[in-house]
Amino acid sequence: KQEVTQIPAALSVPEGENLVLNCSFTDSAIYNLQWFRQDPGKGLTSLLLIQSSQREQTSGRLNASLDKSSGRSTLYIAASQPGDSATYLCAAPNRDDKIIFGKGTRLHILP
Amino acid sequence: NAGVTQTPKFQVLKTGQSMTLQCAQDMNHEYMSWYRQDPGMGLRLIHYSVGAGITDQGEVPNGYNVSRSTTEDFPLRLLSAAPSQTSVYFCASSYTRQGVVSNSPLHFGNGTRLTVT
Numbered sequence: 021k022q023e024v025t026q027i028p029a030a031l032s033v034p035e036g037e038n039l040v041l042n043c044s045f046t047d048s049a050i051y052n053l054q055w056f057r058q059d060p061g062k063g064l065t066s067l068l069l070i071q072s073s074q075r076e077q078t079s080g081r082l083n084a085s086l087d088k089s090s091g092r093s094t095l096y097i098a099a100s101q102p103g104d105s106a107t108y109l110c111a112a113p114n115r116d117d118k119i120i121f122g123k124g125t126r127l128h129i130l131p
Numbered sequence: 712n713a714g715v716t717q718t719p720k721f722q723v724l725k726t727g728q729s730m731t732l733q734c735a736q737d738m739n740h741e742y743m744s745w746y747r748q749d750p751g752m753g754l755r756l757i758h759y760s761v762g763a764g765i766t767d768q769g770e771v772p773n774g775y776n777v778s779r780s781t782t783e784d785f786p787l788r789l790l791s792a793a794p795s796q797t798s799v800y801f802c803a804s805s806y807t808r809q810g811v812v813s814n815s816p817l818h819f820g821n822g823t824r825l826t827v828t
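First to last, the sequence lines map onto chains L and C.
One gets our numbering by counting positions in the first sequence from 1 and adding 20 to each.
One gets our numbering by counting positions in the second sequence from 1 and adding 711 to each.
Just chain L, same shape as in the assembly (with noise of 0.2 angstroms):
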């Protein structure tokens, strides 16, 4: 059964700053992991989608990587600003097609 972690829950970063979340997870087997953006009171956004073959993926200030062998992935957010507070979650399927999340992290960038 593939259970995801995501540690910190909440997070509080001055502006500016570089940030790291992490996503971990227990069935290694898994095709790809994806990163998604929720705003308050609204839908999830797909940011990122890692296949397993890949090491990492970059969009804009956004970097994934992920590391099948350890269980984990990391966000990477360079130069963060205001507008990135949201909630950020990870997402890893299980062997039949049940994709899983993590209970994600609260971000809040200081102005």
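Hints are not guaranteed to be accurate.
Unchecked claim - As a list, the in silico DSBU-like pairs of lysine-lysine whose alpha-carbon atoms are at most 30 angstroms apart: (1) K62(L) - K123(L); (2) K88(L) - K123(L); (3) K720(C) - K123(L); (4) K118(L) - K88(L); (5) K725(C) - K62(L); (6) K21(L) - K118(L); (7) K88(L) - K725(C); (8) K720(C) - K118(L); (9) K62(L) - K720(C).
FYI, nobody ran anything at the bench for these hints, they're computed from the structure.
Please read these numbers as outputs of a predicted model, since none were measured by experiment.
Put chain C on the given structure of chain L with help from the hints.
Below, chain C alone, put in the same frame as chain L:
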């Protein structure tokens, strides 16, 4: 492009009532799924489908039914609403390849906020 459309946006039910949450997508996605989101619990998978005529249970399926008669629609039925089903419900969809979820991102609707009194 409409993407994933969920209706209604808000709903209040009395205990014991039944209702259907609607989900439609116009991206020809074969994979569709329903999640509920509760404070402190994250998103939990209720039911999912890898194509028309195929459905399967997720992590928390009790009290919910689904059907998938077309590629576009994946309604979620609450048979007899209970206060424990008060939640925000999200529908999501994605491409599949040969009947399994492929390496394409999951697209979400904007959610239905359900209150059961």
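Hint check results:
no. : hint              : result
1   : K62(L) - K123(L)  : 16 angstroms, holds
2   : K88(L) - K123(L)  : 20 angstroms, holds
3   : K720(C) - K123(L) : 23 angstroms, holds
4   : K118(L) - K88(L)  : 18 angstroms, holds
5   : K725(C) - K62(L)  : 25 angstroms, holds
6   : K21(L) - K118(L)  : 10 angstroms, holds
7   : K88(L) - K725(C)  : 46 angstroms, violated
8   : K720(C) - K118(L) : 25 angstroms, holds
9   : K62(L) - K720(C)  : 11 angstroms, holds
In the structure shown, a violation is registered for the earlier hint numbered 7 alone.
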